[in-house]
Each structure stands twice: as C-alpha cells, then as structure tokens.
Amino acid sequence: MLEFKNVTFKYDEDETDMLENLSFDVNEGEFISIIGRSGCGKSTVFRLINGLLTPQKGEILFDGQNIKSMRNYSAYMPQKDLLFPWRTIEKNISLAMEIQKKSKAEIKKQAEEMLKEVGLWEYKDKYPKDLSGGMRQRASFARTLLSGSSLFLLDEPFSALDSLTKISLQEWLLTEWEKHKKTVLFITHDVEEAIFLSEKIYVVSDFPITHFEEFKIPLPYPRKREDMKRSDIVELKEMLIKNLRQEAVL
Amino acid sequence: MRKNIPAFALITTILVLWQIIAILLDAPYILPSPTQIAAKLWELRETLFLVQLPATMGVTFMGLGISVAFGLGLAVAMDCSEKLANALYPVIVASQTIPTTAIAPLFVLWFGYSIWSKVLVTVLMTFFPITIAVFDGLKSTSREMEELLITYGASKKDIFFKLKVPQSLPHFFSAIKMAVPLSIIGAAIAEWLGAQSGLGYFSKRMMTQLDGAGVFAPIVLLSAVAMLIVAIINIIEKKLLGWRKEI
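Residue numbers (the numbering used here), protein chains in the order written: chain E, 1 to 250; chain U, 1 to 247.
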C-alpha cells in the first residue's frame, strides 16, 4: 500500500540528512508503530508521507502511484487534537468532508452516525472547550475516520492524556481499527503502547535514518491487557527498552 | 454588575467635584457645571438630536464603512502576497505619523465643505487599526491547523474561509471597537475645521458665542453615542464568538 523507495531528505537549515536511502513497505490493513528517541525523525517520515515535505531523492508510492500527484490518500492525527475552537464537535468532524465538497445531507448523515459510534452524540453541538481531553481525542479520531482516507498517520495521539484515559482509548482504538480495517502508522514513545496496539514495530536505530529495525508482535487480535504479562512479551518489551536506551546514550 | 460599582463611584465623585468647582468658580463660559450641560442638552435637544447628530453619524458611518472595506481589502491582499506586505506595511505605518488635524484643512481645500473632506479625515484615522489588526489576525493562523487542512486536500480558498477568517474574527472585533471612537473623533475634528452641520461644527459655533455648556453638550452626546455603538458591537461579538468563553 505504502512504499518508501530509497528516500533521502534533509531540512534546508540542517547540515546532515535526516533520512538517507530509506526504504520500507506498509501493507494494507496493517497496524505498525514507529518508535525511536525524540528528534530522531519519526515525525519527518509522517510529513513526507502526507506530502507536507518533499524528499530530495527517492520516491514515495501509494498503491503504486507517486504521492506527488495525489490528494487525500492519508489522514493525519497529531498529538494535539487540533479541533477548531469555533466549530461545534459535529462541524469539526465534518471538516474533511466539507473540503471534499460532499453534499450537506451526506455530511450530516455520516457525521451523525460517527458521533453515535464514538459516543459523542450528546456533545455534537458543544464546542471543543466543553470536552475532556479523552473526548477531544475521540472527536479528533472521528474527524480522521471521516476523511475517507485508508491510511492513518497517528502521531503520538494519546501522549498528553492521563494513564487511565490513555488505556481506555488504546482499547477503543483497536476496536475501531478492527471494525474499519484501515492501515495505521502510529508514532509513540511508549514501548508498551506500541506492543499492545501493533502487529509490527519499526524501531528507528540510526541517524540519519537508513532503515527500520522490524519486530513482529506475537499476539493475536483481539488483544487483552493480560496478554502484556506473557513472558515473551515482557522479554520483548525489555529488549526494546534496552535498545532505545542504548540509542539515547549514543 | 457588582464589578462596575467602583467605576460608577469614581464617575459620581468626579461629577460631584466638577459641580462643586464649577459653582465656586462661577464662570460657565469657561467651566459649565454638569447640571448646566444636562440642561443645555435638553434645551437644544431638537437641533442636537435631529440635525447635528445625524450629520455627524453620516460622516462617521461612511468613513467607518470605507475604512472597513479598505482595511480588510489591504489586510487580505498583504496576507496573500508577501511582497505586497513588505511594500505596504511600512507605508501604512508611516501614514499614521501624518498629523491628521494639520492636514485636514487641505482636504477642505480639495473637497470643499462637502461630506467627502470629513469622510477622508475619518478614514485616515480608522483604516490603520483595522488593517493592522486584521492582517495580524490573518498572520497568526495556526501553522499546524493549516497543515491539517492541507492533508485533507484543502485549497487556498478553503484555508482562507475555514481557518483564517474565523481565527481572525476576534482581531477584527477588537479593531472595530477601537475604530468606532476614532471615527467619531475624526468626524468631529473634521467638522471643527470646516463644515456646515454636525456636532463638531455645532460645538465650535457655541465656542464663538462663549457658551460653555453649549460647547460641552455635543461632546457629551458624542461620547454617549460612541459608548452605545461599542456596547452594541460587544453584544454582536459575544453572540458570534461564543466559543471563546472560558478559553
């Protein structure tokens, strides 16, 4: 579905490359987490995928087509919910559909169905300031779902939430993913979160990024919290943390 | 309401002191007392409210309307083109260093006693805050929100109407609230310098007759009207920008 082919990228103000000949694939319907130390270039990878940045060398392909000529193939959900404070929750989640010039009736129908699905029906006429952090992230995810894209780029969406809300939203996200069969790329600092959510983890282990170290998670879906206590999972978690620590020291 | 009590107390104290000083001074052609001004307002109510006030308001609203249209146009144009912004911004700022009261007689020379000489003074005084505030509002757009819209495939028009306009509305309202009193001051100054009607003109006429209360009465009326218009704008702002509460 998504293919990076020898992608090299450097910010104008930097002396060294951020990405150097990076190649990787993402298959349709996969849930992949990308972990790595702060500032290692994870978010740059997302900005390249959604076309906000252009690589100096190499190609990024979506369903075999270069993304340069494409629009609205990926939906981005950042750490901050970025809900527009002057729009009600219903209007906020309708944003992408409005841009795609869908009919008013269609927008209303889809928005209402989605509000019910994400449990925000009673808040449809409220403004973002009236919602809790968890609700706002759910609204933000609903907006991402309604963008109609099949590739989701989630950039640390739960990192600003308290631990209980974070846990319940992780479980909720998995249910939604299984239901909608979207492809998800998920950036996180939290190794446990990455293991619980994803099928595969890509670890950023060098700078500039030349490759991702790939780890498969040996857990079937649907997943339960108790699975995280399995000895092989605990071992994997310890190993990943050790890896990241070494990088931090380097 | 309770938070307004100190302000009311202060105003009452000033009015009482003013009244006492005016009585002690006993020179109403220099310092008329508040009660004398109120009496004058009542005495001249017909000409003040039915003749002079509509004339001044005509200038004020025409000037304000042109300023809003001109200011918004300039702000949007500067937001669209960085080159234009670099060329215009310093010129707009420099235009504010022109002493309006000194240049206004020139407008009378150009346009005579017609409404346009006065409208021009008003425009010169009010387009600046509107242009700069709206331009700053458009520029303060969240980069992250703009990028989010781009990832949804938004065009420049979408970004303008769905993000920039709503985000700069609070700036626009602040600018209008600043511009209303300025436009009234502009209209009154212009009328002082050359006019055949209006509250500024009337105040000047009273001056030549050494009628202190007659000078003050139109000024009090101007202030009251300015406060009323700002209050109406406040109500509209609260209705339109309800989402800002408690932020």
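Simulated from the structure, these hints should not be mistaken for laboratory data. Be careful, since some hints might not be right.
Claimed, not checked - A few chain U residues that face chain E, going by a derived Cβ cut-off under 10 angstroms, partial list only: (1) Gly65; (2) Met145; (3) Pro166; (4) Leu169; (5) Glu237; (6) Arg244.
We put the CB at the ideal spot given by N, CA and C, even for glycine.
| What hint numbers does the structure not satisfy? | 1, 5
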